[in-house]
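Peer 1: Residues per chain are reported as follows:
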Amino acid sequence: MILEAAGLIKHYGDHVALRGLDLQVDAGEVFCLLGANGAGKTTTIQLFLGFIEPTAGSAKIKGLEVRDHGLQTKRALAYIPENVMLYPNLTGLENLDYFTTLAGCNDGDEQGLRAILDRAGLPPDFVERPVGTYSKGMRQKVGIAMAIARKAELLLLDEPTSGLDPKASNEFSNLVASLRDEGVAVLMATHDLFRSREVGTRIGIMKRGQLVDEFAAADVSHTDLERIYLQHMHD
Amino acid sequence: MNAWRTVLKLEWRILGRDRASAMMLVAFAVAVVIAAAAGGRLAQGTRAAQQKAVSDHQARYEATRKALDVAAASNEPLAASDPRDPLWMGEEGAAQLIVLPPNPLGAIAVGQRSLRPQSFAVSTAAHLVSERETESAIVGPTRLLSGAFDPAFVFVVLFPLLVIALSYELLSGERERGTLAMLLSQPVSQRDLVGGKAAARAVLVCVSALVLAAIGLIVGGADLGQPNAWLHAALYAAVVVSWALVWFAASVFVNARGGTSERNALVLVGGWLVFVVVLPGLVHAAIDSVVPPPSRMELVHETREAADEMERKLAGLRGRHDRNTKTRKYASELIEVKEALAKRAAPVVEEMQVALDRRAGLLDNLRFSSPALIVQVALEDIAGSGSTRHRIFEKQVDAHHRVFQKHFFALARSGKRFAPANTPSIPGFAFEDQPVSELVTRVAIGVFVLLLLAGLLLAGAWPALRRVGRLTR
Amino acid sequence: MSRSLVATIARKELREIVRDGRLRVLVVLVVILGAAALAFGVQQTLRAQHAREHAQERATDQWQTQGDKNPHVAAHYGTHVFAPTSTATAIDPGVSAFLGQSVKVEAHRRNLASHSRAQDGAGVQGLGAFSVASVLLLLVPLLIIAIGYGAWSRERERGTLRQLLSTGVDRKTLLWGKGAALLVVLFALLTPAAAAIIGVLWWLGGGDGDTMLRLASLGIGYGVYFATIAGLTLYVSAAARSSRAALVALVAVWGVFCLAMPRVASEAAAVIAPLPSRAEVGRAVHSSLANGLDGKTRREKGIEAITVELMKKEGLSGTGMLVAGSFMAGLELQAEAQWEDRVYDHHIRALDAKIAAQERAVAWFGVLSPYVAMRALSAGLCGTDYHHHSRFTEAAEAWRKGLVGQLNEAFAKKGGAKGWDYKAGPDLWQKVPPFSYSAPAIAQAAATHLVSIVALLLWLVVAIGLALASARRVRVV
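Protein chains in written order, with the working numbering: chain A, 1 to 235; chain B, 1 to 473; chain C, 1 to 477.
None of these hints come from the bench; they were simulated from the model. Only a predicted model underlies this, so the values are computations on that prediction, with no experimental measurement involved. Backbone N, C-alpha and C define an ideal beta-carbon position, used for all residues, glycine too. Accuracy of the hints is not assured; some may be wrong.
On the chain C side, residues computed to face chain B include the following (Cβ under 8 Å) [stated by the list, open to error]: (1) Q64; (2) G67; (3) H76; (4) V248; (5) P276; (6) R278; (7) A279.
Extracted from the complex, chain A is given alone in its bound form:
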């Protein structure tokens, strides 16, 4: 079990963002977290990133409590936010170099980094261009390259396909699938029902800070998924 949430509760003053979340993701699994805005998806991810602390309950990565082992848990994960923001005046390669050096997994092998950028699907002529010229999809690819370079065991994705055109979205799916096949655990918060069914192993529906439904992706069809989702949203 790479990622585990047990009875995770988060209060922001009077507002209850999470009320007892139980979640498990194993290696080689893609868990898609569906839900409306404000359901608590981003809060969950931020808790696992250590950006905020839970009010109660536990959030563990590889058996280590995130709040107690911040650095170690971060070493095992890679985070790709909705909008991957990089340093606009540096090139894609330089950004990758910087972040991997920070993460302590850069051995100075520039060729290796280029290969990773290639695998992530970044067009070769953009590798040496400043990130300010990249599209959203290209920036995301750099983000994925970072995850690959760091050999992360856990990938945290927040709305990764929002704002991507169908081609980019498809490329992204394929990449996540290949990482999944390599044994990476993935937690993906998303609105994208189609992609969840495509790439997910299990799907969870969040509503008002709790998981109200959880099932295997293979058990439902695309239309079923939509029906179930809308049903939950109506309750």
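Following the hints, position chains B and C against chain A.
Peer 2: Showing chains B and C alone in chain A's frame:
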């Protein structure tokens, strides 16, 4: 430790690509160059004028001595401007020109040089409160009002804006750009991240400060051959760097509050406005209001009244054009009047000096009310154009004046003619400059206070910087 | 462009401004500082006025109780005259603190004014005087910038600009609306301030027509100045890439106009129109006194020539006539005085002209900075510029000539056979008319600062032009 260095190195690379920062630094360097040129021109001008005046004066004195040698042989009665007449010698012939030598780094701050005389003509004239002749160009009133465009102005007033511009979006910029979340999701401790970024900018700020200070020195023209010149330069560098650190610490403090870059800029510029632009003027106004300066105008009248009898006698002596001014009787009468004048006026002058000293002391202490004042005064002290040094000089000249007067009055009263043998005994003046240790102490106190302030700001920022949540939202 | 539309826009802008908590703080701060500055200015002016009255009383007293003595000896004893402090000094002390307040009046010398208030002060004054004028010139523009820097940029960033323009409202109308709001805020702030200032000055004794006219002109001048700043603020707000960039740019512009430019102007003026040193002037005077203005006439010869002329005027000629001792002595004194007056007038008027030229050179930089222009104009209107001072010194000199002439004449006419032993008494001392000086009228003051007035108006035109042009081309997204 490694992460620190990585962040630092890469922060440098990012800063290196930032065109806006580069442009600001260049604009600043230009301002420093112009200011140093202006300050240097003034310092050079003063020095040149002083040198010329001194050498002209020497030449005249030599001519007088030669004339004395020639005239001493003859026994003719005393003529109008006769070197054998001790009274004339005291008033004109042997009159001395005393100049305040400029400090090696004089170009960095014009300071009080425009308001206080840089040279005095010492003679037996009863110069109590009259205008003293100076050899440097008259400074126009608007120029006195505006103040000089010297390196001190650029560093005290404008430099903080540069430091603010380079560091106001230390964290808020990353947050707004979105890269902060990316950074914090890496297995790097927050301390390393913030520390590395802050260190990179601190280094940039300090290096800029030193480079700009050096430019100021080179363009302004520092007389590095003089003794202690390098010590002065080191003090100057210390002051500028600690001033830069104060503003850098302020930026870190404001960034730790977690606001937007715009708000940070507003708060920091507001702070600059209060402490650099408004407070010094307010402090002076407060002092002028509560402890008004003694009026020299009043002094004139009081001394006149105190010595009225003598003033009338003096007017009587000078006013009657029918008197022979070359007789011994005239000489002794004149001296008697002048001595009595000086004696009567002395207590009044003394009182004024005491009041002035008290006020100067008060202002000196009040410089701690604003860090800008600390820096201004420190730079003036280093440049040798501060009020402390001028006061020391004026006091020494006054004392010498009295000695000079006494000497020549005694000679005149004796009735004997002035002879070449008398020239070596004319009292000479040697300026005892402010001791280096005193200067170092004064400046060191200022630097210490500045660094303390910076430290307090950083310490105040520390607790807020430890919480990630604030930084990412 | 509909006027009611402008009013609607202005009203909404005003509401936003008023509701902004930060701005309220700023406004309160500026008001407090302004009030403190006014109080301080009034205190200083009152002190200066009292000091002057006291000094004048003392001087007159000393003069009149000097006992019996020869009139020419009395001329050597001399007296002092003092520069008046206009009530408007409470608002803008200008350069008056740096100019001498008293002139020693005596025979054989024209003294320069001495004892400036700045000399008495012991400290660091370069960082700025604190007065109502400095609050108006320095701080109110910052207030305008703080209120207006986001006028266009924030609308754009919030997305409301898109929506506004899609309703079909004209950009020029928007501009006038925003500008009007800015100016209304200022007006609301400054009208009570102006009322307070006028009231205070009235109480101080400056209720006469000329002072009121000067104050009115001052108000108009500052109005133009603020309108210029408002225009420039709106221009930068529209042209900048973001609110942040607008703020930074405006503060930089303010720094250049108000902090750097005045000093640069002074330094440049010192190079363009340099002044001699006091010692140089002294030496020139000394040499001219000895050898005449042309450098070729010895003093004795020159005075002799003048004496002969004077004698001719009195109907005497040749040396054969027997003339009373003191009459001759008086005539010689007059000749001496004439010789000296010619020299002093020449050199000191030349110095004065040079100083005035340097001041004018500074004023030319008003073309590069509205602050420099307004500062000069403000001092001129408040009677605290160099021009007013030199009018005073000229008046003092005229009075001195009159005094010395009167005393010498009394000696010549009444001395008779006693010659130098003749003594006059209090009735002669009291016959001397008191020194009276009235400041020049506003028209003259304005004429001296024509360059600044024109520069200010040019800036207004430029600011409005830029604001309009930028409004037409403001980016919507």
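Peer 1: If a hint holds in the structure, say so; if it does not, say that too.
Peer 2: Comparing the hints with the structure gives:
no.: 1; hint: Q64; result: 13 Å, violated
no.: 2; hint: G67; result: 7 Å, holds
no.: 3; hint: H76; result: 4 Å, holds
no.: 4; hint: V248; result: 7 Å, holds
no.: 5; hint: P276; result: 7 Å, holds
no.: 6; hint: R278; result: 5 Å, holds
no.: 7; hint: A279; result: 5 Å, holds
Of the numbered hints stated above, the single one contradicted by the structure is hint 1.
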